[in-house]
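Protein chains: 2
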Amino acid sequence: MRASNLALVLGEVVRTGPVSRARLAARTGLTKSSVSGLVADLITAGLLQESAPAATERGRPATALSLAPGGVAGLGLEVNIDYLAAVVTDLTGAPRYHHVVRRDNRGREVADVVADLIELARAAAGSADAQALPLAGACVAVPGLAVDGTLARTPNLGWDRVDLADAVREGVGLDVELENEANLAALGEMWFGGHQHDGAPLRDFVHVSGEIGIGGGIVIGGEVFRGANGSAGELGHVVVDPAGPLCACGGHGCLERMAGQQEILARAEVSTVEELTRACEAGDRAALDAVTEAGRHLGVALSSVLTLLDPSAIVLGGAFATLAPWLTAPTAASIGHHSGTAPRLLVSGLGSDAAVRGAAGTVVRRVIADPAAHLARQVARAGS
Amino acid sequence: MRASNLALVLGEVVRTGPVSRARLAARTGLTKSSVSGLVADLITAGLLQESAPAATERGRPATALSLAPGGVAGLGLEVNIDYLAAVVTDLTGAPRYHHVVRRDNRGREVADVVADLIELARAAAGSADAQALPLAGACVAVPGLAVDGTLARTPNLGWDRVDLADAVREGVGLDVELENEANLAALGEMWFGGHQHDGAPLRDFVHVSGEIGIGGGIVIGGEVFRGANGSAGELGHVVVDPAGPLCACGGHGCLERMAGQQEILARAEVSTVEELTRACEAGDRAALDAVTEAGRHLGVALSSVLTLLDPSAIVLGGAFATLAPWLTAPTAASIGHHSGTAPRLLVSGLGSDAAVRGAAGTVVRRVIADPAAHLARQVARAGS
Numbered sequence: 300m301r302a303s304n305l306a307l308v309l310g311e312v313v314r315t316g317p318v319s320r321a322r323l324a325a326r327t328g329l330t331k332s333s334v335s336g337l338v339a340d341l342i343t344a345g346l347l348q349e350s351a352p353a354a355t356e357r358g359r360p361a362t363a364l365s366l367a368p369g370g371v372a373g374l375g376l377e378v379n380i381d382y383l384a385a386v387v388t389d390l391t392g393a394p395r396y397h398h399v400v401r402r403d404n405r406g407r408e409v410a411d412v413v414a415d416l417i418e419l420a421r422a423a424a425g426s427a428d429a430q431a432l433p434l435a436g437a438c439v440a441v442p443g444l445a446v447d448g449t450l451a452r453t454p455n456l457g458w459d460r461v462d463l464a465d466a467v468r469e470g471v472g473l474d475v476e477l478e479n480e481a482n483l484a485a486l487g488e489m490w491f492g493g494h495q496h497d498g499a500p501l502r503d504f505v506h507v508s509g510e511i512g513i514g515g516g517i518v519i520g521g522e523v524f525r526g527a528n529g530s531a532g533e534l535g536h537v538v539v540d541p542a543g544p545l546c547a548c549g550g551h552g553c554l555e556r557m558a559g560q561q562e563i564l565a566r567a568e569v570s571t572v573e574e575l576t577r578a579c580e581a582g583d584r585a586a587l588d589a590v591t592e593a594g595r596h597l598g599v600a601l602s603s604v605l606t607l608l609d610p611s612a613i614v615l616g617g618a619f620a621t622l623a624p625w626l627t628a629p630t631a632a633s634i635g636h637h638s639g640t641a642p643r644l645l646v647s648g649l650g651s652d653a654a655v656r657g658a659a660g661t662v663v664r665r666v667i668a669d670p671a672a673h674l675a676r677q678v679a680r681a682g683s
Numbered sequence: 300m301r302a303s304n305l306a307l308v309l310g311e312v313v314r315t316g317p318v319s320r321a322r323l324a325a326r327t328g329l330t331k332s333s334v335s336g337l338v339a340d341l342i343t344a345g346l347l348q349e350s351a352p353a354a355t356e357r358g359r360p361a362t363a364l365s366l367a368p369g370g371v372a373g374l375g376l377e378v379n380i381d382y383l384a385a386v387v388t389d390l391t392g393a394p395r396y397h398h399v400v401r402r403d404n405r406g407r408e409v410a411d412v413v414a415d416l417i418e419l420a421r422a423a424a425g426s427a428d429a430q431a432l433p434l435a436g437a438c439v440a441v442p443g444l445a446v447d448g449t450l451a452r453t454p455n456l457g458w459d460r461v462d463l464a465d466a467v468r469e470g471v472g473l474d475v476e477l478e479n480e481a482n483l484a485a486l487g488e489m490w491f492g493g494h495q496h497d498g499a500p501l502r503d504f505v506h507v508s509g510e511i512g513i514g515g516g517i518v519i520g521g522e523v524f525r526g527a528n529g530s531a532g533e534l535g536h537v538v539v540d541p542a543g544p545l546c547a548c549g550g551h552g553c554l555e556r557m558a559g560q561q562e563i564l565a566r567a568e569v570s571t572v573e574e575l576t577r578a579c580e581a582g583d584r585a586a587l588d589a590v591t592e593a594g595r596h597l598g599v600a601l602s603s604v605l606t607l608l609d610p611s612a613i614v615l616g617g618a619f620a621t622l623a624p625w626l627t628a629p630t631a632a633s634i635g636h637h638s639g640t641a642p643r644l645l646v647s648g649l650g651s652d653a654a655v656r657g658a659a660g661t662v663v664r665r666v667i668a669d670p671a672a673h674l675a676r677q678v679a680r681a682g683s
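Top line first, the protein sequences correspond to chains U and V. In terms of the numbering used here, the first sequence opens at residue 300 and continues consecutively. In terms of the numbering used here, the second sequence opens at residue 300 and continues consecutively.
The hints are simulated quantities; they were obtained by calculation from the structure and are not laboratory data. A quick note: this is a predicted structure, and the numbers were derived from the prediction, not measured. A portion of the hints provided could be inaccurate.
As the list claims (entries may be wrong) - Sample of chain U residues facing chain V (criterion: CB under 7 Å; computed from the structure):
id, residue
1, Thr362
2, Leu444
3, Asp503
4, Ala531
5, Glu533
6, Ala547
7, His551
8, Thr606
9, Pro610
10, His636
Note that beta-carbon positions come from the ideal geometry of N, C-alpha and C, so glycine has one too.
Produce the entire structure from the sequences given, and follow the hints as far as they go.
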């Protein structure tokens with residue numbers, strides 16, 4: 300009971316921002332004395348803080364309670380095809396450390412990549428320490444299917460059953476969980492992307508991450524939809540050309556095979572997304588045609604997504620966000636042609652950072668969802 | 300509290316079949332005296348019945364409680380492109396009346412079709428009455444989007460905003476709800492189809508109803524998935540040929556336009572599914588080619604469904620169930636080619652009856668989910 304009331308009070312502060320004890324009591328239906336006791340515990344735990352008195356509705360000043368930014372932090376890590384990334388996020392979700400190491404990880408020894416990731420994680424943890432931010436745990440975004448801390452399948456990286464959670468746990472001494480990057484990117488978008496639907500954060504949408512692989516994160520009612528076996532949302536393998544070529548997944552004519560980063564770069568005759576962007580800005584015909592062609596295929600896949608899932612919006616993320624100035628129009632036109640509809644097509648402001656931001660946010664959100672467990676861990680740590 | 304305990308006890312009998320009061324107490328965590336009181340109310344309401352004593356685990360005979368089949372019944376109705384149907388289902392889900400009237404409803408006056416439906420509903424209600432089955436309400440399966448009792452959109456029937464629930468309510472004097480036929484067909488399949496996954500009824504699957512339109516019903520965790528605006532699952536409008544022709548929905552290359560009943564019949568040069576079936580049985584080349592071609596397109600759409608939704612099974616229903624002997628192999632081959640996977644592809648035993656069975660089941664399941672509301676209505680009726 301106390302555990303769920305702690306979560307109720309903390310959750311209300313997260314939702315509404317700075318708020319008085321009296322207001323919290325009115326909103327949660329708890330008595331004022333209960334709220335005072337719960338708030339005292341949350342302040343002691345470092346999760347809430349009292350701020351300068353603000354005027355109440357009746358004009359009398361009351362002490363406002365707000366999230367204590369430094370009370371707890373989350374470490375987000377990402378292993379991707381061509382980069383590693385780390386983010387430290389405080390309790391309010393603000394990033395306090397962010398570092399990306401660009402390097403193609405295909406063909407490298409798994410142990411070398413993992414060692415690089417742990418080095419990056421230690422640097423991030425060091426920065427958190429220097430800022431007096433207590434890390435509650437880590438979450439690693441991976442370009443594949445994560446099952447119980449093991450990276451079970453990574454078609455684009457070629458790794459086979461890597462116990463990544465254990466390795467990172469030993470390396471940095473934190474609780475570690477693994478999650479698919481496309482799902483985390485969708486969560487990052489929901490929590491930190493700033494897009495709204497009917498005046499509230501998006502809760503039913505599909506996030507498309509266009510990296511070397513094309514991932515899809517389906518959010519339904521504010522939760523990631525995973526399907527019966529955990530691999531739902533693989534937008535990159537929607538069939539966009541039934542007569543198309545073989546894909547790494549074993550299928551034919553998949554979106555990723557027709558509009559993945561490598562296909563676009565090859566068609567535009569450039570080698571990086573930065574070069575492609577510059578070429579598009581310069582009005583280069585081959586570059587613009589390559590992006591238009593990708594938009595046409597993306598529109599076919601998104602037409603099928605719309606008809607099957609009926610989301611309130613689609614968010615273009617990853618490299619697709621970078622390419623949005625040239626990609627959005629042909630994508631929307633293709634959706635119109637293939638589905639006869641004009642859906643809400645949004646562009647992520649987080650771009651390729653969405654997944655690692657979502658990973659760090661996942662750690663912090665777990666504390667917000669269950670502050671009692673966090674308090675219990677603090678007590679255990681103090682006693683040991 | 301009492302309301303949820305009534306539902307708990309009744310739900311347990313539905314799940315486990317005949318069971319003693321002692322067992323019910325053990326399974327629900329309620330005291331034996333609570334269970335006895337709740338059971339007494341459910342027996343008085345006609346929802347449970349005592350059956351002959353059966354041996355308990357210890358060998359002593361105990362009176363078993365089971366569903367009273369005649370305690371309550373549901374009326375399922377269906378308006379479809381080329382038929383109207385009615386089913387009465389008792390509390391156990393067994394059909395007690397079933398009648399289908401085949402007639403092409405396209406181009407007919409809406410009022411005439413509604414009058415036919417009400418006539419059919421009255422005949423069904425008369426049969427329920429003659430069998431002393433008290434109808435708890437009616438549910439109408441419609442080939443379009445149902446919003447608050449209004450049939451909002453029916454691309455294949457061409458109806459525009461028809462207040463069908465009101466009309467049927469006045470016609471038969473029952474509570475009436477409207478629901479999309481593809482969703483009801485999926486529920487009918489889950490409740491009455493008999494297919495299992497890991498020893499339990501299917502809870503995460505996609506039901507494909509191949510009628511004149513091609514509908515999809517997505518069931519996630521035992522519930523129909525509706526999307527943000529209520530029209531998720533429209534499998535018929537997944538793009539299977541980006542270069543394909545215009546569809547009635549305004550899109551291009553939709554599955555329905557490439558593998559709908561009319562396309563198959565035209566390609567096979569026959570005019571009904573019955574003729575097509577006979578031609579396939581006779582080994583007619585054109586008929587077999589037409590079905591194979593439909594399977595190829597269906598496989599493209601289902602590859603995208605699998606990659607996006609990751610269901611535990613796909614169930615071919617409606618006319619696709621009738622055509623399964625010739626349709627399943629090319630569909631599975633196409634799925635293999637386009638997705639590199641071999642999913643569980645099942646065939647509905649209910650065929651075109653799934654939606655109307657699901658409609659009747661919906662009424663009965665509402666009583667099972669909330670017997671207290673049913674008891675309150677009985678009391679109100681007795682007092683009026």
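Hint check:
1. Nearest Cβ of chain V to the Cβ of threonine 362 of chain U: about 39 Å, over the 7 Å cut. The hint is violated.
2. For the restraint placing leucine 444 of chain U at the interface with chain V, the shortest Cβ-Cβ distance is roughly 10 Å, beyond the 7 Å limit, so the hint is violated.
3. The criterion of a C-beta within 7 Å of any C-beta in chain V is met by aspartate 503 of chain U, whose closest approach is roughly 4 Å, and the hint holds.
4. With a cut of 7 Å, the hint placing alanine 531 of chain U at the interface with chain V holds, because the nearest CB-to-CB distance is about 4 Å.
5. Interface hint status for glutamate 533 of chain U: upheld, as the beta-carbon distance to the closest one in chain V is roughly 4 Å, under 7 Å.
6. Interface hint status for alanine 547 of chain U: violated, as the beta-carbon distance to the closest one in chain V is roughly 9 Å, over 7 Å.
7. Using the Cβ-Cβ criterion of 7 Å, the hint placing histidine 551 of chain U at the interface with chain V is satisfied: the shortest such distance is roughly 5 Å.
8. Among the interface hints, the one on threonine 606 of chain U holds; its C-beta lies about 4 Å from the nearest C-beta in chain V, closer than the 7 Å criterion.
9. At its closest, the beta carbon of proline 610 of chain U sits 6 Å from a beta carbon of chain V; the interface hint therefore holds under the 7 Å criterion.
10. The restraint placing histidine 636 of chain U at the interface with chain V holds, with a minimum CB-CB distance near 6 Å, inside the 7 Å limit.
Violation of the numbered hints given earlier is confined to hints 1, 2, 6; the remaining hints are satisfied by the structure.
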